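J.: Residues per chain, in single letters:
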Amino acid sequence: MTMIRTLRSFHGATQVAVLLAVLLANWLVFPGFFAIRLQDGRLFGSLIDVLNRGSPVALLTLGMTLVIATGGIDLSVGAVMAIAGAVAATLTRDGQGLPVVLAVSLAAGLACGLWNGLLVAVLRIQPIVATLILMVAGRGIAQLITEGQIVTFVNPQLSALGSGEFLTVPMPVVIALGMLVLSLLLTRATALGMLIESVGINRVASAFAGINTGAVIVAVYVWCGLCSAVAGVIVAADIRGADANNAGLWLEMDAILAVVVGGTSLLGGRFGLAPAIVGAFIIQGMNTGILLSGFKPEFNLIVKATVIMIVLLVQSPAWRTFSLPSLPSLQRKHPGRTVP
Amino acid sequence: MNQRFLPLIATIIVFVVGYLFCALQFNHFATLRVVMNLLTDNAFIGIIAVGMTFVILSGGIDLSVGSIIAFTTVVLAVLIGSWHVNPWVAFAMVLVLGGAFGAGMGAIIHFFQLPPFIVTLSGMFLVRGLAFVISTESIPINHPLFAQLNDIVVVVPGGSHLTLIAMVMLVVLGIGTVLAHLTRFGTNVFALGGNRVSAQLMGVPIARTTISIYALSSLLAALSGIVFSLYTAAGYALAGTGVELDTIAAVVIGGTLLSGGAGHMLGSFLGVMIEGLIQTYISFDGTLSSWWTKIAIGVLLFMFIGLQRLLTVVWAAKASAPSRPASGKAAPADAAGPRPQRA
Amino acid sequence: MDGPQEKPHLLEIRGLVKAFPGVLALDGINFTLRHGEVHALLGENGAGKSTLIKALTGVHPPDAGTFLLDGVAIAPRDVADAQRLQIGTVYQEVNLLPNLTVAQNLFLGREPTRFGLVQGAQMRQLSRVLLADYGLDIDVGLPLGQYSVAVQQVVAIARAVDLSAKVLILDEPTASLDLQEVAMLFTVMRGLKARGIGIIFVTHFLDQVFAISDRITVLRNGRLVGERVTATLSRRELVGMMLGHDLAAQQKQGPADAVAAKGPALISFRKVGKRRYLEPFDLEIRPGEVVGVAGLLGSGRTETAKLAFGITRADAGTILVEGKPVHLRSPRQAVRLGFGFCPEDRKVEGIVGALSVRENIILALQARRGWLNRLSRREQQAIADRFIKLLDIRTPDADRPIEVLSGGNQQKAILARWLATEPRFLILDEPTRGIDVGAHDEIIRLIKRLRSEGLALLTISSELEEIVSYSDRIVVLRDRHHVGALTGSDVSVERIMSTIAATGADAGARAPAAPDRPLASLTLP
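Residue numbers (the numbering used here), protein chains in the order written: chain A, 1 to 340; chain B, 1 to 343; chain C, 1 to 525.
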């Protein structure tokens, strides 16, 4: 085994170990944590709950990982969730069938991703700026679709996507895993994953090697839009309605956090989808743990902030080298000039 | 003409046209009363917009301001209401706390070379969480001083008045304008946003400036929290949710380059006023729904970002016009320049 | 050195050594700057000029060696510190802030203030006075970026001179100035000389060297070639010093095995060029032929390569592949046409650092196959292993990130990247720069082998012996023009150098700006 591959598998192992530690901690404060029971053909229990509740963020994390791997970021995923949820709820309320509902709401997500991707790849607007536009306007668009109301619907088929089960496993978990498999196939069974990493590490060299860097960048934002739309539909299906104000609110932050915890650098490059998903469940595990241990849920935010800072500080070059901050910055700006 | 003022001019045009449009639509729009309400209602955003302008001018971003507002109001409510601390002492305490917190974020951003976006995002989580931990309920503040302060007004012709918090905002705006455009600190902020490496080579104290910028932003966010508590007479951990986005949007609509280095403090004020104008228009209209505010701001945001991008490209083309035989490193057809520093 | 002197030299550098991982950038350099002299510092890319300047200004602290300023040992910690010691620098790329006004740039960090407020009017007045010395009469209240690069450069010089009164380093300041501006700059430099300021002048315009400098120091591959008094040096001798040849040893002929490839051209460039980038040129390359590109730094060598690979889009001319006109608007199209390009700046334009050697090798092939048509892990491994063996790429295994390899092995991996695509036409920009001697020879052997296998090659190198040893023909560039094509017995170091040095003799002290380059205006563009 080579160094880099052991390192990578080690990274994945770290996330799994942390997840196990978090779950173990949950078990310590709540002995019944690992208890799973089967009731009406569906699994119940705290562990299942962690997976179920963590699924929307896990879905967002899939797209966000790819976007971040190209050196970008997508702040609009929460707003896209709201849009897709609003579309799904409104169409269902108006009596459309499930295929139409799914097709249109997922298409809305794809369109949002395409918009972001074109801004970043073609207009060359910084990703954080480009996606800020949809983050601000997207929620307004979702409210426009629902006309400001909480749209509710009765449609068992759609509801099953959010609160149903497949082979006793809650549907959101199945969908999240399905999308993980799909994402892995898309990136690892094709060459896309390597091209994404290449673009994220060195866009110039990638272009010189003949890679269509613009298309790669558009593709990741489109995929991110799709994943967000799936998450939005699941949430709407679960609550049997769409709340344009609150659907997906601040979930972009959780998704970014999950990617960081999952070991993908915010600067782009090597990415791991499975570790990122594990990262999403780590976050949910902590949320649940705080609840179970009797602390106020308000501590969630503090814990999240602390985790994100620790991970970032440990990852930061300054932490590793203890070098002066002034020199690395000089070298980074003129990468080719250190050896003239 | 100074081309860098083009976005600011666009902002002024948008504001004037927008105001005239509103005035033509509604009879009572063109009164001082509406103007005064605009100032009062947007005072707390106006104050943080000043700090945010410094941050964005330097090439950074601060997502923690909304949370700091919430935290400040909650702490004030607890200090004044439960612990019976003198309100003035409480004000001083939250300001010091805010400044110190911002300085900490600035130090992390500088010394660990982390993207401002992610550092201030954690700051946002942390501070909002702390506010929640103190109280999840809205706590009313019933101190007599609050009523007294709210009663301080300057009566202006037409029967309306300029409130204290509007005055605070205008004073902060004035000081911020002077600081940004007439002091060495301000020049250093612009220098930092223009090119960090060049600024360093030219002797700009990078560390001190970065830390000061974030300290100032958080300090003003705390001040904004004080103003917000005066405005609402309550402390609430959910206060100021999403305010950071409104503020960033206002600064950009005000003509400040989101990548830093160009902009004007007065533009940010107008950006805040434009957002206020949109909201006022919608409330005057009565039939329009509130979500149009977000969509309108999004559209404006896109227009200004597009305008800035266009101008940047045009300027870059012009600056490189006489070809430089020495470089031999022309921009490739399909390759970006250096990787954006900000994630 | 030149007789006893009462006071020490202005600046003495003794035994300067600076190593970067894998490269000895400066190997015991001595350098002396006298009061009131212009001392030209010359050398090709990688000679060590920039490293020397960065060591002197504290950007790269030296590994060994001393700096004596007026006989006193100094150790600048950073640029600001060097500035305090009165060593001012104007870098190759204007290191000012285009978003600030001209006046702010001139006075950044030392603005006139009153009660903490910057006195804008006073600052602008001072700026106008300051710039008047340089013949600049511009609105100093406008952003610097609104002016041409020429004006920006003059402002940078004005700032450095105003800050520093002893040593001024000008790192290619004239690169973007036109005749008139160069003349003005020289006037300024002579004025500074008269004030006793020592100027280190880095340039690649030989005419300017002869026009303004008192002494010349030439560096080559991190070593000192020599210091000469300008007046005693001929143009040819200087070119020889820079390119590493004695006049005596210039009889080297073209490759012994040169059998000029016959038959139709594989690639034809017909009047291909780009305004303000490279003058239109004609070039034909046949299969099994190596065309060398020679010229001094900045003569348009890399520009030729970038036009030929579609990185920079030509705005004139046609490109034919096997007689048929082709569109060449991006590297992607070039790759599809069977072109390959090993860039000069390996780190920025070549390697994808954190990817493995294997992935770097298959990258271009994979890009051409499209993302859906993935090379399996086994195929990747097979290709990587084949080229690692074929090119003797020294890496413990193919999964090592390429960034940890030495320069020579990185270069071989980039070559492998293109060979894996089975190209018809390969462009190599300084393929042997910055790599060790062993790898150097291997790459030259490889170039010869590729030629014998029928590839068309366009090779850029500042190593004349090297380029002569494998090129069938040599294109010589000067001032962004293709000025000569040497074939047959003319392929020699001697002929290249005489072609490069040709202008100066008849042009005298004329500053070498391309005659048809538009005059950059001193006023607002």
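Simulated from the structure, these hints should not be mistaken for laboratory data. In this text, all values refer to a predicted model and were calculated from it rather than measured experimentally. Fair warning: there could be bad hints in the mix.
[What the hints assert, rightly or not] Here are the simulated distance ranges between beta carbons:
#, chain 1, residue 1, chain 2, residue 2, range
1, A, LEU185, C, ASP385, 32 to 42 Å
2, A, ALA25, C, ARG77, 22 to 32 Å
3, C, ALA121, A, ASN246, 46 to 56 Å
4, C, GLU453, B, ALA107, 14 to 24 Å
5, C, GLU403, B, ALA107, 22 to 32 Å
6, B, GLY306, A, PRO297, 51 to 61 Å
7, B, GLY306, A, GLY45, 20 to 30 Å
8, A, THR168, B, MET303, 30 to 40 Å
9, C, ALA183, B, VAL197, 51 to 61 Å
10, B, GLY306, A, GLY12, 35 to 45 Å
[To be verified] Computed footprint of chain B on chain A, listed as stretches where at least three residues anywhere in the stretch have a Cβ under 8 Å from a Cβ of chain B:
#, region
11, 132-138
12, 301-313
Just so you know, even glycine gets a beta-carbon here, dropped at the ideal spot from N, CA and C.
J.: Okay, which hints does this one fail, numbers in order?
T.: 1, 2, 4, 6, 7, 8, 9
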